[in-house]
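Between the sequences and the hints, there should be enough to build the whole structure, so can you do that?
1 is the number of the first residue of the sequence shown in the numbering used here; add one for each residue after it.
Simulated from the structure, these hints should not be mistaken for lab results.
Positions of the beta carbon are idealized from the N, C-alpha and C atoms, including for glycine.
There may be inaccurate statements among the hints.
[Claimed, not checked] Pairwise CB distance ranges, derived in the manner of DEER restraints:
id	residue 1	residue 2	range
1	Arg241	Asp69	25 to 35 Å
2	Arg211	Ala238	26 to 36 Å
3	Ala330	Leu11	19 to 29 Å
4	Arg211	Val13	36 to 46 Å
5	Asp69	Arg22	23 to 33 Å
6	Ala238	Ala111	14 to 24 Å
7	Ala330	Arg211	41 to 51 Å
8	Asn108	Leu11	39 to 49 Å
9	Ala165	Thr322	44 to 54 Å
10	Ala382	Gln128	20 to 30 Å
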Amino acid sequence: MTATYPPGPRLPVAVQSFLYIRYRSELLPKLRRRYGDVFSVRVPPFNDHLVVFSRPEHVKEIFAGDPRDMHAGEANNILGPVMGTHSVLLTDESEHARARKLLMPAFNGTALRGYRDLVAEIAAAEVQGWQPGSTVLTLDRMNALALEVIMRVVFGVTDARTHAALAPLLHRIVTVGPLQYTGLMVPTLQRFWPWRGFHRDLDAIDELLYREIAERRTAADLAQRSDVLSRLLQVGGADERPLSDAELRDQLITLLLAGHETTASALSWALYELAADQRIQRAAVEAVRVEDDKALEAVMKEAMRLHTVIPGAVRKLTRDTTIAGWRLPAGTTVSCSIFLAHRSRDSYPDIAVFRPSRFLDGEVEPNTWLPFGGGVRRCLGAGFSLMEGTTVLREILSRYTLSLPDGAKPERGRVRNITTVPRGKAKIVIAQRGT
Numbered sequence: 001m002t003a004t005y006p007p008g009p010r011l012p013v014a015v016q017s018f019l020y021i022r023y024r025s026e027l028l029p030k031l032r033r034r035y036g037d038v039f040s041v042r043v044p045p046f047n048d049h050l051v052v053f054s055r056p057e058h059v060k061e062i063f064a065g066d067p068r069d070m071h072a073g074e075a076n077n078i079l080g081p082v083m084g085t086h087s088v089l090l091t092d093e094s095e096h097a098r099a100r101k102l103l104m105p106a107f108n109g110t111a112l113r114g115y116r117d118l119v120a121e122i123a124a125a126e127v128q129g130w131q132p133g134s135t136v137l138t139l140d141r142m143n144a145l146a147l148e149v150i151m152r153v154v155f156g157v158t159d160a161r162t163h164a165a166l167a168p169l170l171h172r173i174v175t176v177g178p179l180q181y182t183g184l185m186v187p188t189l190q191r192f193w194p195w196r197g198f199h200r201d202l203d204a205i206d207e208l209l210y211r212e213i214a215e216r217r218t219a220a221d222l223a224q225r226s227d228v229l230s231r232l233l234q235v236g237g238a239d240e241r242p243l244s245d246a247e248l249r250d251q252l253i254t255l256l257l258a259g260h261e262t263t264a265s266a267l268s269w270a271l272y273e274l275a276a277d278q279r280i281q282r283a284a285v286e287a288v289r290v291e292d293d294k295a296l297e298a299v300m301k302e303a304m305r306l307h308t309v310i311p312g313a314v315r316k317l318t319r320d321t322t323i324a325g326w327r328l329p330a331g332t333t334v335s336c337s338i339f340l341a342h343r344s345r346d347s348y349p350d351i352a353v354f355r356p357s358r359f360l361d362g363e364v365e366p367n368t369w370l371p372f373g374g375g376v377r378r379c380l381g382a383g384f385s386l387m388e389g390t391t392v393l394r395e396i397l398s399r400y401t402l403s404l405p406d407g408a409k410p411e412r413g414r415v416r417n418i419t420t421v422p423r424g425k426a427k428i429v430i431a432q433r434g435t
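Now the structure itself:
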């Protein structure tokens, strides 16, 4: 069988790339309607030939594929300029397996239980400062909260001076626009604003992180510390080489980018939907009262389904490979479209309805809900993200009732960095609970 590509648009390549990066939520459904469940799109400079899949059986086929034939790290080249070559998201085969093995203990169930109290403390400090009767820009507040979680729970930064220097730098690199982020792939643009400023901020972050790593390695209380960085400094040993400073830096930046705005955006969407539906909000408040974390987690999961934050999970083929009956050439990038999978009427007949109960009733089938990818590349931080989300919801709903501002228009998404966030920052009005 001759290798070939499925049908796709004939627009100029630059136009296809721009539309995919900037307006993917409008583009992808149109392409599926016109070309069917499998189609091609060209998205240079990241992927010259991107083939998009979304049916559950096709997703299963890709996630179950041999990682030697399907390189996720190579396909994630868009992340390289920031995350670095050692990132668990950018490595493949044995190097990826080693990184994942060393990172995994910091995100297992025991570790997550240890982080929960600190996340609750951070969330409580944030929401206690909210003024009843005020309008809250949830995207801004959840970004600030998620950044504080990264700083203290992941990086373990407790020194006030380091915190004050690092926080604004981290905020700036995670809130760039999609076109600016795309430009990071073009080295010559580093001489010009805003890319020059981005790289200056990244260099300053690296200096602070390397200093923190060096100091932490010699800390007398390292074995007693429970933050992610301290845990990672203690992995490895006789049978496995420990993480180097450069590897630690890349994994920390990866955890920042993969775990900051994704969780903040999902929380913003969840709060917006709870404010929009008082019935579902009352059910969530009851879940807080009876300490039903599964029900709160279902709210987060449904927010991630209805408002997809990351568009797809990608793999680059290292050899000619048949997927869903298509013989695709080596070098092709295949995408399991999270966005389209979450908008399939076959999987979700009421696709536009915010209904967390679907995740409690057993009606969500495998390979139809994909915010954390799947297979051997499933996101290591999935449990952390859901724990953080449920903890934050608990702190908010135990204090406040939520509603939308009078005359509020339906919230829409926009692309920022590589994530989709609420365009209007998901404004809600809060009132003291019980009043």
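Right, here's what the structure says about each hint:
1. Arg241 with Asp69: 25 to 35 Å: holds, 27 Å
2. Arg211 with Ala238: 26 to 36 Å: holds, 29 Å
3. Ala330 with Leu11: 19 to 29 Å: The hint (19 to 29 Å, Cβ to Cβ) holds, given that Ala330 and Leu11 are roughly 25 Å apart.
4. Arg211 with Val13: 36 to 46 Å: holds, 43 Å
5. Asp69 with Arg22: 23 to 33 Å: holds, 31 Å
6. Ala238 with Ala111: 14 to 24 Å: Taking Cβ atoms as reference, Ala238 and Ala111 lie about 22 Å apart, which means the hint holds.
7. Ala330 with Arg211: 41 to 51 Å: At 43 Å between Cβs, range holds.
8. Asn108 with Leu11: 39 to 49 Å: 46 Å Cβ-Cβ, so the 39 to 49 Å window holds.
9. Ala165 with Thr322: 44 to 54 Å: Holds, since Ala165 and Thr322 (Cβ atoms, about 52 Å apart) stay within the stated range.
10. Ala382 with Gln128: 20 to 30 Å: Because 29 Å falls inside the window, the suggested range holds.
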